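Mapping to our numbering: the sequence shown position 63 is 82, numbers consecutive.
Simulated from the structure, these hints should not be mistaken for laboratory data.
The model shown is predicted, which means the values in this text are computed figures rather than measured ones.
There may be inaccurate statements among the hints.
Derived pair list, reagent style DSBU-like, types lysine-lysine, alpha-carbon separation capped at 30 Å [as the list claims (entries may be wrong)]:
#, residue 1, residue 2
1, LYS39, LYS119
2, LYS66, LYS95
3, LYS226, LYS66
4, LYS39, LYS107
5, LYS192, LYS39
6, LYS39, LYS226
7, LYS226, LYS107
8, LYS66, LYS102
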Amino acid sequence: MAHRIRVFVDYWNFQLTINKREASERRIADYRFEVDWLGLGHWLARKACERIQITDYSFDGINIYTSYNPNTPEGKRFNQWAKNILSKGTGVSVECIERKPKNFPQCPICHLEIKPCPHNGCGAKLISTVEKGVDTLIATDMIRLAWEDAYDFAVLSTMDRDLIPAVKFLKQKGRKIIHAGFPPLGTELASACWASFDVYRSRSEIKRPHKKKI
20 MAHRIRVFVD YWNFQLTINK REASERRIAD YRFEVDWLGL GHWLARKACE RIQITDYSFD
80 GINIYTSYNP NTPEGKRFNQ WAKNILSKGT GVSVECIERK PKNFPQCPIC HLEIKPCPHN
140 GCGAKLISTV EKGVDTLIAT DMIRLAWEDA YDFAVLSTMD RDLIPAVKFL KQKGRKIIHA
200 GFPPLGTELA SACWASFDVY RSRSEIKRPH KKKI
């Protein structure tokens, strides 16, 4: 019987990490690596099986967890892309949650909130958002799907050490988790997993192909 492989990916953790690594490699300030998100799940499953030397396997889907800012045009467009394009991919399941407003910074002396920018001539309101709940969603789904006997091996791609307790729990229950990472980042999580491999080393294989102009 083929080994069932399920993939779990923290979208922003993956995207921002590969962006930073590529920018550093090119020695430039910023770079946007165009990930082939529709093909990423199949690729991660294949690479994980190569790492643990398994040839008889089935890709049983990828769960992608992401977030968006509902108060910006860019955030709204991203949410539409996640729901209408990304989630329509074969075997792709997407959780796209709203980012929550971040608390304003406080003065360490009077403890009052600093809402406008204090720099002369600016005064812009300091508004930012924060992603909450993605690590909890990943852990919950990994445990739930294991409980439902929906996979034999899981591939996990995030550098978030908050997933370590879930990984250790699943290991105790006999589930093998393979970490798809960007070493040396995420070393603690990779160590908690049954095996791991370096995504960045083969990054050219997951770069989104550009359509040829006719």
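Hint check results:
1. LYS39 with LYS119: Roughly 24 Å separates the two Cα atoms, so the pair holds.
2. LYS66 with LYS95: violated (33 Å)
3. LYS226 with LYS66: OK: LYS226 and LYS66 at ~15 Å, within 30 Å.
4. LYS39 with LYS107: holds (28 Å)
5. LYS192 with LYS39: Roughly 35 Å between the alpha carbons, so the hint for LYS192 and LYS39 is violated.
6. LYS39 with LYS226: Holds: LYS39 and LYS226 sit about 15 Å apart, inside 30 Å.
7. LYS226 with LYS107: Roughly 19 Å between the alpha carbons, so the hint for LYS226 and LYS107 holds.
8. LYS66 with LYS102: Holds - the C-alpha atoms of LYS102 and LYS66 are around 27 Å apart, at most 30 Å.
When the structure is compared with the earlier hints, violations turn up for hints 2, 5 and for no others.
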